[in-house]
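Participant: Take the sequences, apply the hints, and build the full model.
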Amino acid sequence: MARTEIKIGGFGGQGVILSGYIIGRAAAIYDSKHATMIQAFGPEARGSACSAQIVVSAEPIAYPYITTPQIMIVMSQEAYTKFSPELAEGGILITEEELVKTHNLRKDLKHFSIPATRFAEELGRKMVLNIVMMGFMTSVTGIVGVEAMRQAVKVSVPKGTEHLNLNAFNKGFEYGEKLKSGAA
Amino acid sequence: MKADPKGVVAGAYFIDGDHACAEGAIAAGCRFVAGYPITPSTEIVERIAERFPLIGGMFIQMEDEIASSIAIQGAVWGGKKAMTVTSGPGFSLMMEHIGLAAMTETPCVFVDVQRGGPSTGLPTLPGQGDMMQARWGSHGDYGIIALCPNSPQESFDLTIKAFNLAEQYRVPVLVMLDECVGHMTERVVVPPADEIEITPRRYWDGPKEGFLLFKAGPDRVPPMVKAGDGYNIHVTSLTHDERGYPVMTAAAQEKLVRRLIDKIRLNSDAIVECREEQTAGADVVIVSYGITSRIAIPAIEQARREGVKVGHLRLITAWPFPAKRIRELSHHVSCFVVPEINYGQMVREVERCVAGRTRVERVSHGGGAVHNPKDIYAKIMSCGKEERK
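Listed in order, the protein sequences are those of chains X and G.
Taking the working numbering as reference, the numbering of the first sequence is continuous, increasing by one, and the terminal residue is 184.
Taking the working numbering as reference, the numbering of the second sequence is continuous, increasing by one, and the terminal residue is 1389.
Treat the hints with care, as some may be off.
Chain X side only, calculated, beta carbon under 7 angstroms to chain G, not exhaustive [stated by the list, open to error]:
(1) Met37
(2) Ile38
(3) Ala58
(4) Ala62
(5) Lys82
Label pairs and their computed distance ranges (CB to CB) [stated by the list, open to error]:
(6) G:Ala1355 <-> X:Gly142: 53 to 59 angstroms
(7) G:Glu1276 <-> X:Gly142: 34 to 40 angstroms
(8) G:Glu1273 <-> X:Arg106: 44 to 50 angstroms
(9) G:Arg1275 <-> X:Thr161: 49 to 55 angstroms
Far from chain X, some chain G residues (derived; all Cβ distances over 12 angstroms) [to be verified]:
(10) Pro1053
(11) Arg1202
(12) Asn1232
(13) Pro1246
Don't read these hints as lab results, they were simulated from the structure.
Fair warning: this is a prediction, and the values are worked out from it, not measured in the lab.
Where a beta carbon is used, it is the ideal one built from N, C-alpha and C, also for glycine.
Facilitator: This is the structure in structure tokens:
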């Protein structure tokens, strides 16, 4: 697998950094790949657009920053506006359906969207929307193995919330699988 | 000696360089940390503060960096392994006490997670501008050791090494991280305690009668004792004799300060560590350290694809500098390229060792980001062109 650059964008507090951490941990610890994560530090980490940069590769990673991400996950309108122009030609854009209106969507992109907030609310905690997004991302990109991701979710979320978070992950994953088979 | 299993939680982690540094210190046996938290080093003391109560360590948030850098030295004389952690502005405040640790031969570790400077500069963004300060920042003359990790794994490994070198040479050792390595998250493997080699303090166990705290053996390193163990000791920052008593003469100065310098200089073959890759037969050699040693790799690979013979020498110890090796290479290499996140610091060492025998090119960056690998690539290619003329 060649070097893949992933960017996650959203508001500070939405679990953007935790999502990046879970992808990196799944790849580097449970999927025998190499991964680096760099998070944006500064005022953007405290309320406005916030981002995590992850590189996943079969080879050791020298340059840890991302330049043209092949995969982008956005959970806020501001993040969509600010970050989506950076996506590589033909890249994968994953959006939260109700939070992001993809106006002027680039024609070259593969776009997948999911009502993750609604699913999270149905599960009882709006907070787990980022984990729903992670399940969905795992299905539509295949960048990290699904079992590695489940393992990383389980050990990365607060104790006592593992069950809820795994349900959230599975919800997102199943939605992605259905979407791919044309059933959603 | 092997690491204390109480402090080592073996396993594979996905953590940043700051957290890895904290784990390295704990594995090395550090049980006292004093600090005044400062970005981008704060995560180190956060992890220490969380971990220490469980393993019998003590963390104190001091009133400032001056107090922090002296508190650790008290802890060392009380028998603990100790470190302090900071970034640029705090590092400046600690300078006097780096000199104190050198003068009193107090083994301890200073961690500087470098950010853009001068002054408060760029708190959240990387720099490598403290490299000469690490060597020469305290007044007077002394020897020092400074290490440069380029990944969270090395942050763990080299923090252990820093503690080991501090004990081996009774010297303050500096771990020169940078914001990028400190805040980058990557896989870190913490081995089981019985696979981690620890250098114990070189305690004197001979008779109390006639003991001399600053009488060195053939390696120029005197043995240690613990305050309160019954040995008559006197520790002063003034120029002192082998008993530790102040002696204000040129002869005492020559004897003591020459030894402080020689114990690093004359042991430098044993201390110096660098990693070389394809330097044999290279036309151009990149000399790099810290995060820049990773940023240079895409540039090196691209230049090699264009047919340029590029070697890479990475400093693990910035101080002492691998002078001998650079001198050897300068007889065969047509150009050294030195990228660093400052306007030219370690490159001066390269120039000194090369002594005009061949070209030395710097690739400077003021800080706030890492280099664009294209800039390093362009410099390599311009060297190659010159050579082909």
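Participant: Next step is simple, just say for each hint if it's right about the structure.
Facilitator: Cross-check of the supplied hints:
1. Met37: 4 angstroms, holds
2. Ile38: Result: holds, 6 angstroms to nearest chain G Cβ.
3. Ala58: 14 angstroms, violated
4. Ala62: 4 angstroms, holds
5. Lys82: 18 angstroms, violated
6. G:Ala1355 <-> X:Gly142: 53 to 59 angstroms: 56 angstroms, holds
7. G:Glu1276 <-> X:Gly142: 34 to 40 angstroms: For Glu1276 (chain G) and Gly142 (chain X) the Cβ distance comes to about 39 angstroms; the hint holds.
8. G:Glu1273 <-> X:Arg106: 44 to 50 angstroms: 49 angstroms, holds
9. G:Arg1275 <-> X:Thr161: 49 to 55 angstroms: Violated, since Arg1275 (chain G) and Thr161 (chain X) (Cβ atoms, about 43 angstroms apart) do not stay within the stated range.
10. Pro1053: With a cut-off of 12 angstroms, Pro1053 (chain G) remains clear of chain X, as the shortest Cβ separation is near 19 angstroms.
11. Arg1202: Since the minimum Cβ distance to chain X is about 37 angstroms, Arg1202 (chain G) lies beyond 12 angstroms and the statement holds.
12. Asn1232: 51 angstroms, holds
13. Pro1246: 47 angstroms, holds
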